[in-house]
Amino acid sequence: QQKVQQSPESLSVPEGGMASFNCTSSDRNFQYFWWYRQHSGEGPKALMSIFSDGDKKEGRFTAHLNKASLHVSLHIRDSQPSDSALYFCAASEPTDKVVFGTGTRLQVSP
Amino acid sequence: GGIITQTPKFLIGQEGQKLTLKCQQNFNHDTMYWYRQDSGKGLRLIYYSITENDLQKGDLSEGYDASREKKSSFSLTVTSAQKNEMAVFLCASSIKGLSNERLFFGHGTKLSVL
Numbered sequence: 010q011q012k013v014q015q016s017p018e019s020l021s022v023p024e025g026g027m028a029s030f031n032c033t034s035s036d037r038n039f040q041y042f043w044w045y046r047q048h049s050g051e052g053p054k055a056l057m058s059i060f061s062d063g064d065k066k067e068g069r070f071t072a073h074l075n076k077a078s079l080h081v082s083l084h085i086r087d088s089q090p091s092d093s094a095l096y097f098c099a100a101s102e103p104t105d106k107v108v109f110g111t112g113t114r115l116q117v118s119p
Numbered sequence: 376g377g378i379i380t381q382t383p384k385f386l387i388g389q390e391g392q393k394l395t396l397k398c399q400q401n402f403n404h405d406t407m408y409w410y411r412q413d414s415g416k417g418l419r420l421i422y423y424s425i426t427e428n429d430l431q432k433g434d435l436s437e438g439y440d441a442s443r444e445k446k447s448s449f450s451l452t453v454t455s456a457q458k459n460e461m462a463v464f465l466c467a468s469s470i471k472g473l474s475n476e477r478l479f480f481g482h483g484t485k486l487s488v489l
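Line by line, the protein sequences give chains Y and E.
To convert, count from 1 in the first sequence and add 9; that's our numbering.
To convert, count from 1 in the second sequence and add 375; that's our numbering.
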């Protein structure tokens, strides 16, 4: 069973639009959440972390965490073609290694 | 800043062959990781190492060996390549290996087995 589920599998938004990603975990012990982005031919790069309930904003990126519902989301406003990539949610317990979701592929069309 | 260098970028092997992938980091990080990336399955942990000469098995260690002879390098061996296997192997590092730390990844080695 996949401990970290991501939806949708793929997403297409117009340039300037809002892209939204969802991530649900099945483990109530997960405390730390990260979003990673992987462009084609490269390794994943960390975008942002969120460890507390609520919203966290960094530029065009906003993450939201609700530990009670085991749900974390990422929103990108004013999406650019350079945002086209594979986005991973990653979660970890305080004393264990990180678990990655299966990813959401974003395509931003000019 | 630092960098993680993986070699080779592409690796083509024969069924049953033993294949070795290499990874070097200049971050001076303590912990290094090997992940396997298959389409639609995310990243799965094969091995990790919290310090020189340490090895810890991940969820996918069967069929693999690893070696951490220096702090800066971590190698992975596919002990017997499986026919038609195709995957990307990603090396990563983090400062101490704590669960709330970000991971830094290399660009990956793409494996194809004929």
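Careful: at least some of the hints might be erroneous.
Subject to a maximum C-alpha distance of 25 Å in a straight line, what follows is the list of computed PhoX-like cross-link-like pairs (lysine-lysine) [as the list claims (entries may be wrong)]:
id, chain 1, residue 1, chain 2, residue 2
1, Y, Lys12, E, Lys416
2, Y, Lys54, Y, Lys65
3, E, Lys471, Y, Lys54
To be clear, the hints were calculated from the coordinates, so they are not data collected in a lab.
Given the hinted pair Y/Lys12 and E/Lys416, is their Cα-Cα distance within 25 Å?
holds (12 Å)
25 Å Cα cutoff - pair Y/Lys54, Y/Lys65
holds (18 Å)
Regarding the pair E/Lys471 and Y/Lys54, is the alpha-carbon distance no greater than 25 Å?
Holds - the C-alpha atoms of Y/Lys54 and E/Lys471 are around 18 Å apart, at most 25 Å.
Every hint, counting from the list given before, is met by this structure.
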